[in-house]
Amino acid sequence: MKKSERYASVINWFEKNTPVAETELHYKTPFELIVAVILSAQCTDRRVNLVTPALFERFPDALTMSKATPEEIFSFISSVTFPNNKSRHLSLMSKELVARFNSEVPDDPEILQTLPGVGRKSANVIASVIFGKPLIAVDTHVFRVSRRLGLSSGKDVLSVELELTMNIPEEKRAIAHHWLILHGRYVCLARKPKCTECGLSAFCKYFEENTL
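Numbering that gives the first Met the number 0 puts the sequence shown at residues 0 to 211.
One or more of the hints may lead you astray.
As the list claims (entries may be wrong) - So the derived label-pair ranges between C-beta atoms look like this:
hint : residue 1 : residue 2 : range
1    : Thr195    : Glu23     : 21 to 31 Å
2    : Leu91     : Pro18     : 31 to 41 Å
3    : Ala53     : Lys204    : 40 to 50 Å
In case anyone wonders, no lab produced these hints; they're calculated from the structure. Just so we're clear, the structure is a prediction, and the values are computed from it rather than from any experiment. Backbone N, C-alpha and C fix where the C-beta goes; we use that ideal spot for every residue, glycine too.
Produce the complete structure using the sequences and hints provided.
Structure follows, in structure tokens:
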């Protein structure tokens, strides 16, 4: 199967079977999403969603959080991964939002990456989810699923991102990011993919090489 045919088949399947796909992080405002995304680094969305209600009640906006110490923020997020680093990042990030952007979350992914705790993947998530930018954020799930399906042979997250971006139509990139994440989270598992339950097996390079 040509790569172009594989892309077309995968996209068509997702459009028919997963017409709605969005972030599983709970948020109500752009500020809440940027906080949740920072907390989600190497941590499950489920765990993040457990800690953010109390965190957002105490710090509903950038100005409020900017006045808090990292230690106070830590007390709300101690159960997530790397809470010391993340509490410092949230403290500094909120201060910069207030000082540089009048407490507003910027929509430019390059500018977002200048904020503490926000890398390329996080910036792409924020810009695509909040502002509808045609970007694909590559996390561990997107990386794994893209390579298994045969959508990319990239050896690192940037090369996979660039290949997906080149081959997925602009208007489908934001939702494609969620298609791949959710598929990796619930079907194409890291240790034991559920190939017999997967509707994409007919187009999957991994399935072709390992089960046929």
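Hint by hint, here is what the structure shows:
Range check, Thr195 to Glu23: Cβ separation about 25 Å, and the 21 to 31 Å hint holds. The supplied range of 31 to 41 Å is met by Leu91 and Pro18, whose beta-carbon atoms lie about 39 Å from each other. With their beta carbons about 44 Å apart, Ala53 and Lys204 fall inside the hinted range of 40 to 50 Å.
The structure meets every hint from the earlier list without exception.
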